[in-house]
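Next come the chains, spelled out residue by residue.
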Amino acid sequence: MVLRKELRETLRDPLVLVNAFLFPLIIIPLILWGATQFALLQAGSAEQEPPRVVVAEGVPDAVRAALLDEPIEAAALPAEQADLDQSDIDRLLRDGAFDVRVTLERQGDAWTAHVAHDSTRRRSVRARRLVVERLQEQSEVRVRALAEARGLDPARLAPPEIAAEDISAADERWSELLGEMLPIVIFASLLMAVIFPAVDTVAGERERGTVETTLVTATHPAQVALGKVAAVVFIGLCAMTGNALAVGLTVVQFVVTLGGVDTGALAFDLGAILLALPALLAATVAIVAATVLAVLPTQSFKEGQQRASYVLIGGMVAAMLAQRNPRDLDVLGALNPLTSPIGIIRDAVRGTLGWLPALVATAVYLACAAALLGLAARKLRDESYLLGGPARGKGDPEEPDRGGDA
Amino acid sequence: MIEVRGLGKTFHRPDPIVAVDGVGFHCEPGEVVGLLGPNGAGKTTTLRILATLLSPDVGSAAVAGHDVVEEPDQVRRSIGYLSASTGLYPRLTARETLTYFAELHQVPDAGRRVDALMERFEIGPFAHVRCDRLSTGMKQKVSIARAIVHDPPVLIFDEPTLGLDVLVAQTLLAFIEERRAAGRTVLFSTHVMREAERLCDRIAIIHKGRILAEDTLDGLRARTGETDLEQVFVQLVESAGE
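Chains Z and R, in that order, are what the protein sequence lines are.
Oh and the first sequence: position 317 is 317 in the numbering used here, straight run, nothing missing.
Oh and the second sequence: position 215 is 215 in the numbering used here, straight run, nothing missing.
Only chain Z is shown next, with the shape it has when bound in the complex (with noise of 0.2 angstroms):
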């Protein structure tokens, strides 16, 4: 019944809701999707643009005339502005008169070509880039031209090809890369959702004086707290599963409309997810345990959720750091608490994840879960978690007399 009744309320606080479901569920979709709309068009445009390039005098007609062929279309500076200095030529790239200029600077038969663009501008970075290769097929053409005119094999100047070979599969590159994302998604949505309902359920509670009724009543004070932190646990595990869902398959639908990959290279192992979940488990009770302590030494809401970002943003942070190096969890990282709830993510993710490691960080969260909830209910017995609340009426009760009149 407390747990029910947790739920029913935490469920109604709005800060709960947007936090635990509304982020998730709506806003990281729906910035993915802008995102990748916004990539899309992007891309789009500037393939249907075509680059407008400056050439400069001076460059040989061969190399004008392949370095201006389709798609590339050549701009002229205006014939107002012939005589502009280098900054002025400059300024007019910069707002987008044209995309690139090249000039060609000679000395003897070496020469540089100079190649300036903006790459603030999509549109630039594409004619730079069409540019620079068209340069260097014309350097190979002049090189070939040089060494037949001296008599040699143009073959044997040409350099080494190197043919660079990815021997992982789609659904492995893939895997990494969420692999590398969701724990940090995940780890802290579920700190984001059980902020709030842990620091209201302990902060609150006592702050709008509802504590001493709860414990005034048939029913055991270690069932309350129990039904509580059993309804943060719920609320945690259902923000995290909403989380990895939605930044999953966001994630998914992003590399598949962007990256070309077919759906069906992102198969998962749902053994190892599944593999995962006892201890994802027993990490949000240890989560929801360490925030309940850090909360119960405080006087008002305001305080308690202060009290509980700044542990939990440093437990967070810590953990990211313990995981710069990620590789596949053993059982000694597992032993490390701080270690093993991004290890487990990614690797499940991955499809890596073994039993072994899964169990002992099972074992270890559980045991850290005990050990908090331990610690959190010696202090709650602690007669000084009721009398720390905040002042009534004309002062607080318990303190002698303080000239109070009668």
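If you are wondering where the hints come from, they were derived from the structure by calculation, not from laboratory data.
Predicted model only: the values in this text are computed from it and were never measured.
Do not rely on the hints blindly, as some may be mistaken.
To be verified - List time: in silico DMTMM-like cross-link candidates among lysine to aspartate or glutamate, alpha-carbon distance up to 20 angstroms:
1. Z/K379 <-> Z/E303
2. R/K208 <-> R/D21
3. Z/K379 <-> R/D57
4. Z/K302 <-> R/D132
5. R/K208 <-> R/D67
6. R/K208 <-> R/D15
Put chain R on the given structure of chain Z with help from the hints.
Chain R only, in chain Z's frame:
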């Protein structure tokens, strides 16, 4: 119904503060006893010990025949506890609040009991309104109904009228009189003399953690030779050398 003997409680925050020092009194069924004293006199600590929220350092207390230390569960079943600082869950409705506490108290047929209380306190039209949207008076009615949802034989009220406007306070005082007529024991603390004069069958005057006198209003008047309770209180405090 309530028996308190030599109750003592010292807080350490970190210096020791004696909040209750050898307090003793008793309440009979159908009796309203007032614990009268200024802020910081030890009223709340005494009532919290009786409600099993705090444990005494010395002395003993029994409620409805159950020792507060040895049988806290039985004591909790026997009391309805209400204080000025106790609030309501803002996001629960009036009905949900009463139902929740009925379930916590393991009341059989909780729904019928809640219906009866809502009718008694005229909460019905607001049954499905969230508590944070109720008026102060309606909130107080819900609080009272919550405290007696399990129909306890003993009511412990800690400054229940503190911060209430006159009309709401009158509702509460009328309720205490009604409980007395129903044969329930009511122990309530206050620092408002008029409330004590109106309601109490007996008054225990507490100051700096000690009971200075416990008697009927007439008995206290006769002992001090004063007619006004405020003057009775002042004289008792002065004669105690305070």
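Going through the hints against the structure:
1. Z/K379 <-> Z/E303: Holds, at roughly 18 angstroms.
2. R/K208 <-> R/D21: 8 angstroms, holds
3. Z/K379 <-> R/D57: Holds, because 19 angstroms separates the two Cα atoms, which is no more than 20 angstroms.
4. Z/K302 <-> R/D132: The given pair, whose Cα atoms are some 18 angstroms apart, holds under the 20 angstroms limit.
5. R/K208 <-> R/D67: 25 angstroms, violated
6. R/K208 <-> R/D15: 16 angstroms, holds
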